[in-house]
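Student: Sequence:
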Amino acid sequence: MNVQEFAELAAGHALHALSPDDERAFAAALAEHPEWAGIADTDAATAVVLSEGVSEVAPPPSIRAALLAQIAQDSHVAETPPALEAESAAETDPFAGLPLLPAVTAEEAAQADPVEPPASTDMLQTVQRRTWTRGVFALAASIALLVALGFGAALVGELLTPQPAAVVALQQIEGAPDTQSAVGETEDGAVITAYWSDSVGKAVVVTNDLPELASDQVYQAWFVRGETPVPAGTFATDDGSATALLSGGMATGDVIALTVEPAGGSEAPTTTPIVAIPTA
14 MNVQEFAELA
24 AGHALHALSP
34 DDERAFAAAL
44 AEHPEWAGIA
54 DTDAATAVVL
64 SEGVSEVAPP
74 PSIRAALLAQ
84 IAQDSHVAET
94 PPALEAESAA
104 ETDPFAGLPL
114 LPAVTAEEAA
124 QADPVEPPAS
134 TDMLQTVQRR
144 TWTRGVFALA
154 ASIALLVALG
164 FGAALVGELL
174 TPQPAAVVAL
184 QQIEGAPDTQ
194 SAVGETEDGA
204 VITAYWSDSV
214 GKAVVVTNDL
224 PELASDQVYQ
234 AWFVRGETPV
244 PAGTFATDDG
254 SATALLSGGM
264 ATGDVIALTV
274 EPAGGSEAPT
284 TTPIVAIPTA
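Just so it is clear: in the sequence shown, position 208 is 221 by our numbering, and no numbers are missing.
Keep in mind that the hints were calculated from the coordinates and are not lab data. Just so it is clear, CB atoms sit at the ideal spot from N, CA and C, and this is done for glycine as well. Careful: at least some of the hints might be erroneous.
[What the hints assert, rightly or not] Cβ-Cβ distance ranges computed for the label pairs, FRET-style:
| hint | residue 1 | residue 2 | range |
| --- | --- | --- | --- |
| 1 | Gly214 | Ser279 | 22 to 28 Å |
| 2 | Asp229 | Pro177 | 20 to 26 Å |
| 3 | Asp35 | Pro275 | 43 to 49 Å |
| 4 | Glu200 | Pro47 | 16 to 22 Å |
| 5 | Pro33 | Ala281 | 49 to 55 Å |
| 6 | Ala41 | Asp252 | 16 to 22 Å |
| 7 | Ala293 | Gly202 | 22 to 28 Å |
Could you build the full structure based on these sequences and the hints that come with them?
Tutor: What follows is the structure in structure tokens.
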């Protein structure tokens, strides 16, 4: 499974829209690639934000008047036959013999002033809560449908929230026809995978099990071009994992190297590279 397919599953997982088989595939991929945990965390957090962020809208007062008018109109359709109605009314209603008020149309009722005071604040809040809840369910169903129909992670991601630049770049690289990758390992057993594509013009490194550094240190990437190291950006790890987009342009034949540098990075390496990954 590549990161694009995982992002697709992560979006569905955040909305509880995956089938049991997809849930198992999601869990297995996350266990195999802990560096992708940030994607799932971002989608889960965004789903919560969406559920809390729907604007509250109170129903217009005209709805109540129109509804009462419609009820009145419908009740006349099934009214009791005149003879039976008069007899029954005479027995049970002392005002049955009095003339009735003329019926009003729905349009007249909608234009009339409200008979009762506006709904209380508590009632409006209840309606509003139901409104945003239905909105969240509708949004979840829509996104789940996109996933079920096979839309890519990029579209689902746009509906949720923009992904980190490094993750987006990795998706672009893996989707390119000329995508390439290479793996390196440090003396401590940490695994670093480099991904790049000439057509995309970007390179990304994904780390696993890199040791945590002191607060005054940082990992720095380099493009080693012949004998010249070119700075390619710094990054930190989270529990040994990181996905870092390398800055600057990568040239054919560059070696991607990592060093430990003082916080803020260096103009030139100050330590021996912990890994060097050839790209040619």
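Student: Hints first: check each against the structure and report whether it holds.
Tutor: Outcome of the hint check:
no., hint, verdict
1, Gly214 with Ser279: 22 to 28 Å, "holds (25 Å)"
2, Asp229 with Pro177: 20 to 26 Å, "holds (25 Å)"
3, Asp35 with Pro275: 43 to 49 Å, "holds (45 Å)"
4, Glu200 with Pro47: 16 to 22 Å, "holds (21 Å)"
5, Pro33 with Ala281: 49 to 55 Å, "holds (53 Å)"
6, Ala41 with Asp252: 16 to 22 Å, "holds (19 Å)"
7, Ala293 with Gly202: 22 to 28 Å, "holds (26 Å)"
Every hint, counting from the list given before, is met by this structure.
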